[in-house]
Amino acid sequence: MTAQAMKRAAAPLLLEPAPQGAAPALATEGILMCAPDHFGVDYVINPWMERQIGKAERELAELQWKYLAEQLSARARLRFIAPQAGAPDMVFTANAGLAFAGMVIVSRFRAPERRPEERWFREWFRKEGFKEAPWPEDIAFEGAGDALFDRAQPLIWCGHGWRTSKEAPALIENILGRSTVGLRLVDPRFYHLDTCFCPLPGGWLLYYPQAFDHDSQQKIATLAGEEKLIPVSEEDAMFFACNAVEARGAVFLNDATQALQRRLHEAGFTPVLTPLSEFFKAGGAAKCLTLKLDER
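Numbers given in my numbering equal positions in the sequence shown, counted from 1, plus 1.
Just so you know, not all the hints are guaranteed correct.
Said to hold, decoys possible - Below, a list of computed lysine to aspartate or glutamate pairs in the DMTMM-like style, where the Cα atoms sit at most 20 angstroms apart: (1) Lys67 x Asp38; (2) Lys167 x Asp139; (3) Lys229 x Glu267; (4) Lys167 x Glu138; (5) Lys167 x Asp188.
To be verified - For each label pair, taking beta carbons as the anchor points, the in silico distance ranges come out as: (6) Glu168 x Glu58: 31 to 41 angstroms; (7) Arg127 x Leu230: 32 to 42 angstroms; (8) Thr258 x Ile176: 35 to 45 angstroms; (9) Glu60 x Ile176: 35 to 45 angstroms; (10) Arg78 x Ser180: 21 to 31 angstroms; (11) Lys56 x Glu267: 36 to 46 angstroms.
The set of hints was computed from the structure by calculation and includes no laboratory data.
No experiment lies behind these values; they were computed from the predicted model shown.
Glycine included, C-beta positions come from ideal geometry on N, C-alpha and C.
Make a model of the complete structure from these sequences and hints.
In structure tokens:
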């Protein structure tokens with residue numbers, strides 16, 4: 002696929018801009034990304050990686066990553082960390098840690114294959130002036146893959162069950178001083194919170210209900226409000242439609258049905274499809290490839 006063809010494929014099905022004032026956009030923010038120089042599927046640590054070892058197309062992955070970065074650069078200030086040989090998943094910077102008001106909780110990866118990344122992410126944060134918060138070595142926590150800031154209230158949603166330990170929400174709340182709600186993930190295909198849950202400005206929540214246990218579904222409905230929920234179908238969930246990144250009213254996502262695109266548009270957002278098939282093979286999409294640095 003050429004770059005031009007990929008851009009055509011990435012055009013949203015709904016081309017008109019979102020209604021003005023329907024959903025307040027966030028201010029321009031810093032976003033951390035890592036080029037896919039060493040990306041590949043070299044091991045299996047989630048269901049999406051099964052039977053995909055060695056099958057990622059590096060050239061196409063680079064085109065897809067560059068297109069996403071190009072689109073985001075028009076709406077946010079991009080920052081970059083150097084990719085490292087032997088760390089194929091380092092491209093998924095959402096898992097670097099959780100940044101908040103100049104502080105960072107660096108991830109403690111559950112999978113041994115990803116633990117070498119911790120040193121490189123830690124060094125980058127220190128160089129950039131972030132203050133590292135203490136975190137127990139024996140408590141798994143995978144950063145902004147499992148901890149997401151609500152966009153309408155001072156609240157952090159924290160997924161646990163597959164990669165992040167159930168003790169993590171209380172620790173985050175103690176460290177950052179912000180209410181943190183634990184949500185238990187029950188479907189191994191949606192092993193990180195950001196694969197099935199996306200808080201959006203104005204209090205909107207894009208999510209796949211079946212990825213959560215009953216109690217967590219009740220927490221989501223109660224705290225967010227039924228009127229602000231945008232539940233997605235299994236079809237859209239399997240497109241990783243919830244693994245989306247929002248920037249100034251645009252919602253970038255790997256793929257979505259026309260019905261979901263219309264629903265996002267009605268809520269005041271402009272959906273932008275940016276195909277990420279190669280990263281999909283490793284269990285990630287747009288949100289996984291980005292980390293917001295200026296959370297407040």
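Check each numbered hint against the structure and report the violated ones by number, ascending.
-> none
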